[in-house]
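Okay, here's what each chain looks like letter by letter:
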Amino acid sequence: MTSAKAKSARTARSPSTSRRGFMVGAGGFTLMLGLEGHTALAATLGKMRAGKAFSPWISIAPDGTITIMAAATEMGQGSMTSLPLVIAEELDADWGKVRIIPAPVDDKIYLNPAYQMMYTAGSNAVRVHFPRHRIFGAQVRKVLLDNAAKKLGVPVDELTTGPSVVIHEKSKRRLTYGQIAAFAEVPEKAPEIKPEQLKKPADFRLIGKDVMRVELPGKVNGSVKYSIDLQMPGMLYGVVLREPIEGAGLDKVDEAKIANLPGVVKVVKLPYGVGVLANTAWEAFAARRALDGAVAWGKKGDAQGFDSEKGMDQFSADARNLSHKVSEWTKDGNFADVFAKSASTMEAEWRNDLAYHAQMEPLNAVALVAPDGSSAELWCGTQSQTTAQQASAKALGIDRDKVKVNDMLMGGGFGRRGHRDTEFIVDAVLLSKEAKRPVKVMWTREDDIKNGRFRPMSVNYLRAGFDAGGKITSWSHRVAGDRVTPYMDPVRYEQSKGRDGILMGGADMNGYDVPNHLTELIYKDTGVRTSPLRGTGNIANRFASEGFLDEIARKQGKDPIEVRLALLTKLPRAQKVLETVAKMADWKRKRADGRGLGVAYIDYTGTYLAGIAEVSLDRRAGAIKVHDFWCAIDVGIAVQPDNVVAQTESSIVYGIGLALMETVTVKGGVVQQSNFYDYSVPRMSDVPSMHIELIKTANAPSGAGQMATPLVQPAVAGAFAQITGRYLRHAPFTPERVKRALA
Amino acid sequence: MATKFTLNGKRVTSSAPGATPLLWVIREELKLTGTKFGCGAGLCGACMVHVNGSRAYSCQTEVGSMAGKRITTIEGISRNSDHPVQKAWLAERVPQCGYCQSGQIMSAVDLLKKNKSPTREQIVEHMSTNICRCGTYQRIVKAVQRAAKEV
Ligand code: FES
Ligand code: FES
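Just so you know, the sequences run in chain order W and Z. For the first sequence, the numbering used here assigns the number 1 to the initial residue and increments by one for each residue that follows. For the second sequence, the numbering used here assigns the number 744 to the initial residue and increments by one for each residue that follows.
Hints are computed from structural coordinates only; laboratory data are not their basis. Incorrect hints may have been included.
In silico DSS-like cross-links for lysine-lysine, where the CA-CA straight-line distance does not exceed 27 angstroms [unchecked claim]:
#: 1; chain 1: W; residue 1: K209; chain 2: Z; residue 2: K885
#: 2; chain 1: W; residue 1: K209; chain 2: Z; residue 2: K830
#: 3; chain 1: W; residue 1: K404; chain 2: Z; residue 2: K885
#: 4; chain 1: W; residue 1: K625; chain 2: Z; residue 2: K885
#: 5; chain 1: W; residue 1: K266; chain 2: Z; residue 2: K774
#: 6; chain 1: W; residue 1: K436; chain 2: Z; residue 2: K830
#: 7; chain 1: W; residue 1: K471; chain 2: W; residue 2: K266
#: 8; chain 1: W; residue 1: K266; chain 2: W; residue 2: K450
#: 9; chain 1: W; residue 1: K696; chain 2: Z; residue 2: K885
#: 10; chain 1: W; residue 1: K583; chain 2: Z; residue 2: K830
Using the sequences provided together with the hints, build the complete structure.
So, in structure tokens, the structure goes:
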């Protein structure tokens, strides 16, 4: 096994003994603190399974250490803690004895059932895994109980459990899980668990209690390792200049210009660009700068000549052209007939620019390909262990099981790291193959933007018809937008029968009781790289539909919240979030100093939430300031309530960026932005006071990682309308656009 | 052209060319990886360290200018993660992906050194050098306020 060479003295990583290339803090570093004085000992990150395997998910060592596999990768959202926590709950484990380790790549066992592969996306980790993880925990608890019953010679139903211990109350005897592990026989087939054998929510000790996230302590002392932090003996540094337009092709590269630079080991032509291998990081980056002036590109690629500003106008013209070819997305009743007979109608259009993920860690990966190319080991931050393995194997022309994946903590994901081709990992694989040594490929921030894969641009054109009493009797929502799913994951696109749920997320009726509605899609293929980005299509589509509802309410002189409530009478959870947020924000109170309020409501894959923004406006500068943002959110059972709040704050800040400042422009097919000076993201001074209320319900848990992001644009636009009577219909609301709306 | 300086209290030598950004020397030559690369352009603060006690973007600092200087990184602000700022960071559960947090903490420590009881506005102004794409800003403010009570 070539990877033995990768053993690094610093991390003592040996592929045969460890899955994970990092350690957190000192081995036994535990913390006694909590938000509400809760003092549960924290679980820690582990490196390998210890003790007896009771199932693919759980191992228990005689010293009581419990190893639990984490199927979801960690990008800051907290799933690496919350999923094992669900297992630990039903296992009735002592959380302080739990070691969490990333699950190895095995699609059959550790898959995300929603995607049929290992993939952390869609904010669905808890939603999808919760019921299964409870069973996995309960099954092992049952095995422990059966073994204890046999050992103690008592009927199993006389036994109970406490944290990591089986108790026979009658005889006052106890067996710890560690003791049982020493002698336990594990049945070949896991026992069946009936729903009534699961804990009642009232008995939860861990779920809903806000334990310390396992990787957090190592995130305040610099000790956690991301892939960018790794080094291997003999490692080279790689940089890549990728074709500026997908498929452009390499015309020529002036290799001499690069090859003679200090420290450069090799210039490598790649199918999509040019790579350079160098001895040190700084020599690699110097070569990367030199590459910019040393390469000429071909003229191929669909995006050649594309201009996003003109493209937007074309999207708009197509969306408004009623004889344009469309495909139907959702439909109810008969829009065309009813709309034609309306007493009155309204129509409007909304636009959204391209937007960039800007995860804080520029993309990078470390690869070690065997000198004969027959196997490889990877260290990477990925949302999908499956695609990281598949894409790398494909690039090398070897079987998947010859590629070992070490998934590392991610410095942000936001959808960027879940593409089928995992191109930034393949960079490292191809360069390591060429070098016959371990290689760390790092993208610069400029690379990360120029090679960005973006939230697509889109135009939404909406029409509504009313009866004589002003009731909405028909509703049409047309989306003209660039394709995402077929580009980011052709396999998934095929599995979903050609439906692009990323682009079209949130284009439905949002649960509003409106008859005769029709959603249509005008599918664009500009050739610009696209991606799911936090909030996905919901950002653009709910901006349009919530914005439209707001305009309708204002035109009819009605309260925007009351209009929504009247359309949501069948959904008590929806009503509750709206009523709660109205109370939180003191919605009816007119604001002084020219400030305004705006509202939005969303049902985001089963998470109900509503938000209100309080906004002021500097008319001369065209600057919008969001002062406060209130949000009421119902995720059903909250596994880690404070983390749901943290994710909601995070989603709102992300939404502020998309609403106010973030825009990518493309000219001649090429991305124009290059770093944080021309692609602004929110800083502390941009962020409102956020007030989050978590509404606890007994419903099955749903997601929180991106749900609040789409609330921001429509809420801010609503507040702007309240202040000015004008509408913002093109996001982001840059000063020029604000001034144009006011003119 | 070796450069000698003090890193977290230890005397070290870098053999990188003088124009090399301190960031890469710290991370790749001296192997302290808590200091992060975010933009390489003085725009994000992920690379923040202290030079002679004041914060500096290590991506914008040439190693050649560091001769004889005292540099502190996230690894050097406490021995057991028990700096009041680190403790406050955990108590408020600030980090999400964590990638920006070394830089945030180095900026916060710098602030509290100069100003024991900063106002909210002063915190926001000082910390606006540091981007957190996970949007942990509100918790950062609370954590700085909490730490200020302890420092
Ligand atoms: S990496 Fe130095 S400021 Fe961003
Ligand atoms: S915690 Fe992720 S960038 Fe700040």
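Structure-based check of each hint:
{"no.": "1", "hint": "W:K209 <-> Z:K885", "in the structure": "holds, 21 angstroms"}
{"no.": "2", "hint": "W:K209 <-> Z:K830", "in the structure": "holds, 20 angstroms"}
{"no.": "3", "hint": "W:K404 <-> Z:K885", "in the structure": "violated, 42 angstroms"}
{"no.": "4", "hint": "W:K625 <-> Z:K885", "in the structure": "holds, 21 angstroms"}
{"no.": "5", "hint": "W:K266 <-> Z:K774", "in the structure": "holds, 24 angstroms"}
{"no.": "6", "hint": "W:K436 <-> Z:K830", "in the structure": "violated, 44 angstroms"}
{"no.": "7", "hint": "W:K471 <-> W:K266", "in the structure": "violated, 70 angstroms"}
{"no.": "8", "hint": "W:K266 <-> W:K450", "in the structure": "holds, 24 angstroms"}
{"no.": "9", "hint": "W:K696 <-> Z:K885", "in the structure": "holds, 25 angstroms"}
{"no.": "10", "hint": "W:K583 <-> Z:K830", "in the structure": "violated, 34 angstroms"}
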